[in-house]
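The hints should help you fit chains G and Y onto chain C, whose structure is shown.
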Amino acid sequence: MLEAIFEEFFARYNFWTAVLIIFIGIYAAIAKNNLLKKLLGLNLLQTGIFLFFISLGDIGNLQTLGIGDATPPIIWRTAEEKGYMYANPLPHVLMLTGIVVSAATTCVALALLVRIYKEYGTIEEDKILEIEALRGD
Amino acid sequence: MIDTFVEQFPILIVTTGVFSAFTILVSGIFSRKIGYYILLFVTAIHFMMSIAILNYVISFGRIHYWIGGWRPPWGIEYVVDHLNAYVLVVILFLSFLSVVFAKRSVEKEIDEKKHPTFYTVMQLLIAGCCGVVVTGDVFNLFVLAEVASLATYALIAIAGGKALRASFTYLILGSIAICFYLLGIGFLYAVTGTLNMIDMRLLLQNIYDNKMVQVAFALVVVGLGIKAAVFPLHTWQPDAYTYAPSAVTLIMSTVVAKTFVYALIRIVFSVFTVNFLQKYINAWELVSWLAAVTIIVGSILAFRQYNIKRMLAYSSIVNVAYIMLGISMFYSYWGLSGALANILNHAVAKGCAFAAIGAIIYKTGLKDVRYYSGLAKKMPYTCGAFLISALTLIGIPPLAGFVTKFYLMLGCLEVKNYTMLAVILLGSLLTLAYFWRVVEEMYFKSVEDENTHGNAEERFNEAPITMLAPTMLLAILCIALGIYWLTSIPLEIIDKMIASMGVILK
Amino acid sequence: MIDCNLAPLFTVISPAIASMLILISHRHPNIREAWTIIATIVTFSFVISMAPKVLSGETVECVLFEMIPGVEFAFKVDAFGMIFAITSSSLWILVSLYSIGYMRSLNEHAQTRYYFCFAWAITSALGIAFSKNLITLFVFYEILTICTHPLVAHEESQEALAAGRKYLLYLMTSGCFLLAASLITYSISGTTDFNPRGILNSEVPEFFLQLLFICYLLGFMKAAYMPFHSWLPTAMIAPTPVSGLLHAVAVVKAGVFGIIRVICYVYGVELTYHLGLGLLLACFASFTVIVANLFAIGEDNLKRRLAYSTINQLSFIILGVSLLTPFAIMGGMMHITFHGYMKITLFLCAGAIAAITGKKLVSELAGVGKRMPITMVAFTIGAIGMSGLPPVAGFLGKWYICLGAVQATEFFNQASYLAFIFVVLTSSILDVVYLFPIVRTAFFTGSNENLEREETKKTIYLFMIIPLLITATFSIALFIFPNALLIFDLAEKAVEDVYGGWLR
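Protein sequences appear in the order of chains C, G and Y. If you're matching positions, the first sequence starts at 26 in my numbering and goes up one per residue. If you're matching positions, the second sequence starts at 7 in my numbering and goes up one per residue. If you're matching positions, the third sequence starts at 21 in my numbering and goes up one per residue.
So that you can see chain C by itself, here it is in the shape it has in the complex (with noise of 0.2 Å):
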């Protein structure tokens, strides 16, 4: 049984890494009550999805358990010549374009969090909520 279990996880362990650290980011996201922590869990969120993705391109990976049976994607004589399988470019490609949005996403999450502390003197929820209560509408 646990044999089984361990052999599942070993045989996909990047897609099971990438899942424990979807969740992980969403816990962090949601629950954590300091704003910084939030943006961390949301950037774990995003790693795991690049994660997940990168793991679709590595074809070699898909079929057989060992890992790198597929090369980069880069073509070259002796590959052709041996008939060597090649990682799946995309999902990579995709990734680059996600990685950008992620940067861009954390600079203007920075960005308001310097804001925030700024104007209310910290970046814990709880006290944040307070002090507007007390602000009035």
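Quick caveat, the hints were computed from the structure, so don't treat them as lab data. Check before you lean on any hint, since a few could be wrong.
[Unchecked claim] A partial selection of chain Y residues facing chain G, derived with a Cβ cut-off under 8 Å:
id	residue
1	Glu78
2	Val159
3	Glu162
4	Ile166
5	Leu188
6	Leu203
7	Ile204
Please read all numbers here as calculations on a predicted model, not as lab measurements. We treat Cβ as the ideally placed atom computed from N, Cα and C, and that holds for glycine.
Just chains G and Y now, kept in the frame of chain C:
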């Protein structure tokens, strides 16, 4: 010649939009004023282009544009059919009015040195929304949605104060939503190996039983649902609408909200198709129940708000629920027509309401409905527009909102769903309840303040023309559109839209 | 697309156009009032010009556009619609004159809003009268609700606002029921056009049709039958011309009109009888007829007393129609006009008394008969009519309804229908009980000192006195010549349409 020219318009709207954003930013170095006029000009041009697109689509059918000449499934494809073209016209029209409206409001609410950046971001927002609407590629949709969303976060936060927290909450929730969407696409990509919507739809046809596809569907719907503020995923929305600057609230409630509703409809109907829904119809039924709960609960929550912007925000949530209710009855012609009509009707009516409120806040600074006493004497035109928008949202015939209600009710009868019929009617009564409070304050209460005595000219204090004109235009549209829908001429376009959603009805 | 006689359209929109002109000339009261008067006369002449065509059996129809397949936005003038239209448009002339006197002598605020909403109310009342189908009727029904709210809440006091809210709550709720019922009818029969034979058929389960009928009744809450009547006395806080025209004629009559439309033109008399709805409704209406009068006896506020009298008379009309016999229906239809004229006389008197002497309670009226003799004579005429005594028109309505009850015993072979005659008689006695004391107090009580005649003291008062004199005269004239406004012919024609195939 001119026809092939029009085929370039979808991409041109997006690219020139982004380019114009940079131009505005750079122009800010030389003059802080010029940015606004660039934005106004570009948006006006874009609006005209969108009309040309709609015209073209009606006469010649779908537009396909392959970016860089790469054939679809490999390259990114922009597809514009009746549905997109319609939504594109709606959002660009309202963007244009929002931009017209923004001038005075922004001058008052925002630091002058921030103006160029404000308009830059606003342009990015509009371009992003247009991109979401015209694209035929699921990943491209993600990117453009993020462009629009990031712009929205920044625009909300520009107001400072509480808007900062509201913006941050929205950022976190919005990004989680987009991540869900991205994950959903990942699943779909894993099973189909394509990102093009049309291609994906073909490849998905035989694998509706696949668990990956089901999970992907759930993820995409939840993701876009958060962005469209579908109950119970709406929690970010009231704060964001309430604390954002008036002009931003206006553009968010009309343009951004409608864009994501469109995205949801597009993905659900064009990628997953009706056959998929039919297969999991019991699960999809949940949407109609959620919508019903939203209509009731949302209206009650709106009734409890004294902050007028927050009240309107809840009202928006309710109206999105009307659209979702229509979509949930995808096997009924009138249900879908009601949903599609409400995209326009609600945008116009809520745009009018927010514009009127924006004008009132600009002139008086009042946000609490309890202080609106006697406002109708001070600002008769603005209050008149607000009254019309309120009547529209309540659904008084023959205004535009009535058409939505009417079609949705016909839809309910078509599928013999009497519960939803009752819910729609109850919803309209509750809407009456929370709008009438405001109308009563405005029209039937006079202020006992000393300052207000004096002759009519002194008390008359109407909003500036750049705010009044869009408001009045929207108010007139509320009436005109209602009658226009009722003549059933536009149903022809609705038919084609429904066809382009892949729904075949008897 | 527009194939038709445009007369009904012009009739309906001319008050609406007037409302816009009123709004534009809000700074010049005299021009504003001139617009109102012009509109009233134009509208009335449009209405009356269509009457001969209707009587000769021609269809006057105006189809504007098709809203959904099978349902057009259209006007179709028939005999029954004509009765309602003639009533409201002819009374509008008089009430407008009266309004000018009333509003100016009380120096009321927001007069532009008042005239604006008033004109819209007439537009929607005429729209209701001429609607070709249920959906068109609904459109005007909703507009009527919305545009009369500002009139109810005109005073802008807390109490008036509360009355306005109650008014909206009741009537908008009823609007929802009406819309639901109309659409259900549409989904059953594919059309909502009124047809003298009825458009529903018995293929649908009986229970469902009965339920639908209740839905319709709830939809026409404007008819103020019990227990959904309480908005009407509350709405009496409005200025008197409003209470007079709208709450005695246009609004409540729209409700009654709708109920008759549903019974005769949607269900059809035959189906209504088969479903047993006639008797049910008749019992319901009888209950209201009696109980409303009992309520009226205990009411001291003059206008509220009259409001309960309105509730009574409305249910009386409903009772007539629900007997489902030709005479009874004819009586009910005629009573719409007769009651309109008599009740408006009473209201205008009440308003004149309030405006000139400031008295609003029945107990304060001592001596008013000496101060305002013309008014009180008119009031007496109205009171006689309400009680159904000759020589005032009210007698005719009650007479025909009693005849109808007798006819019903033959028709349906059930002697129990005679019981409704007792209802009619009892209610008449009760009418006497609460209306005549007012006359007595006004004329025969109070000190004997020589009170000054006040009603002709100022010219502006004449704007009030003359209209009420005219309505009182008409109340008698309609008894002597029931065909004075073509009412009798029209009612006969309408009943002929309804019974065309079944009776003869």
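Against the structure, test the hints numbered earlier, and report the numbers of the ones violated in rising order. 1
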